[in-house]
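Student: Turn these sequences into a full structure, and let the hints guide you.
Just so we're aligned: the sequence shown equals residues 1 to 196 in our numbering.
Heads up, a few of these hints could be off.
Restraint ranges, calculated between C-beta atoms of paired labels, are given here [what the hints assert, rightly or not]:
(1) Gly23 to Lys45: 24 to 30 Å
(2) Leu76 to Thr125: 50 to 56 Å
(3) Val96 to Leu172: 14 to 20 Å
(4) Ser28 to Asp114: 37 to 43 Å
(5) Ser25 to Gln127: 31 to 37 Å
(6) Arg142 to Ala66: 34 to 40 Å
(7) Arg194 to Ser160: 47 to 53 Å
(8) Pro118 to Ala179: 35 to 41 Å
(9) Arg194 to Pro118: 40 to 46 Å
Just so you know, the hints here were simulated from the structure itself, not pulled from any lab data. In this text the structure is predicted, and so the values were computed from the model without any measurement. Beta carbons are placed, not taken as given, at the ideal position from N, Cα and C, and that holds for glycine.
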Amino acid sequence: MRKGEATRARILEEAGRQAAVRGLSVVSLNDVAEAVGLSKSGLFKHFDSKEAMQLAVLQSTLERFAEYVWVPASELPPGRSRLETIFERWLAWSEVENAEGGCLIMAATSELDDQPGPLRDLLQTQQRRWTRTLVKEFRSLREPPLSEAQAQLAAFQMKSFFLGHNENRRLLEDADARALAMAAFKDLLDRTIRGD
Numbered sequence: 001m002r003k004g005e006a007t008r009a010r011i012l013e014e015a016g017r018q019a020a021v022r023g024l025s026v027v028s029l030n031d032v033a034e035a036v037g038l039s040k041s042g043l044f045k046h047f048d049s050k051e052a053m054q055l056a057v058l059q060s061t062l063e064r065f066a067e068y069v070w071v072p073a074s075e076l077p078p079g080r081s082r083l084e085t086i087f088e089r090w091l092a093w094s095e096v097e098n099a100e101g102g103c104l105i106m107a108a109t110s111e112l113d114d115q116p117g118p119l120r121d122l123l124q125t126q127q128r129r130w131t132r133t134l135v136k137e138f139r140s141l142r143e144p145p146l147s148e149a150q151a152q153l154a155a156f157q158m159k160s161f162f163l164g165h166n167e168n169r170r171l172l173e174d175a176d177a178r179a180l181a182m183a184a185f186k187d188l189l190d191r192t193i194r195g196d
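Tutor: Pasting the structure below:
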């Protein structure tokens, strides 16, 4: 990796860490520049505005999420094992990504839900794509395939389990959060396959 690329990567990592802790809108160019040992003008060599840096941070995080959660699962055939891998890696992502501040995607979802603009547009597009992916995976869980409505409900429940895990683990400091989420998801898969 060339020096400029390495510096840009350090900036994105630091800005992402700060954003997960404090929110995308609060992170300043000065804070990030200082943390990575650059002047503000040095940071402008990589990003011409705060908004450009925010977009790059969010895009980078979304790409890392796909690489961490989706890519390993995509190598498996559609069905239960792929969905289990997605869910397990999704939980793991929330446990290791920015351990100090949590998952930037989740933080940005709350921060940007009523803030129109390019950041919200990017996140909304990605979240809709992720939901379509989950619905498609649930549809292929059994033969005959689940209906679109059944698959949407299952994907919604899966997301709810992820959010519950995150709240229990981070806010409530519940050591059993992962086990509870996995048990709930296993039950969802069992019921869905049986057609309950």
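Student: Now, for every hint given, state plainly whether the structure supports it.
Tutor: The hints, checked one at a time:
no.	hint	in the structure
1	Gly23 to Lys45: 24 to 30 Å	25 Å, holds
2	Leu76 to Thr125: 50 to 56 Å	26 Å, violated
3	Val96 to Leu172: 14 to 20 Å	19 Å, holds
4	Ser28 to Asp114: 37 to 43 Å	22 Å, violated
5	Ser25 to Gln127: 31 to 37 Å	19 Å, violated
6	Arg142 to Ala66: 34 to 40 Å	26 Å, violated
7	Arg194 to Ser160: 47 to 53 Å	20 Å, violated
8	Pro118 to Ala179: 35 to 41 Å	39 Å, holds
9	Arg194 to Pro118: 40 to 46 Å	44 Å, holds
In the structure shown, a violation is registered for the earlier hints numbered 2, 4, 5, 6 and 7, in ascending order.
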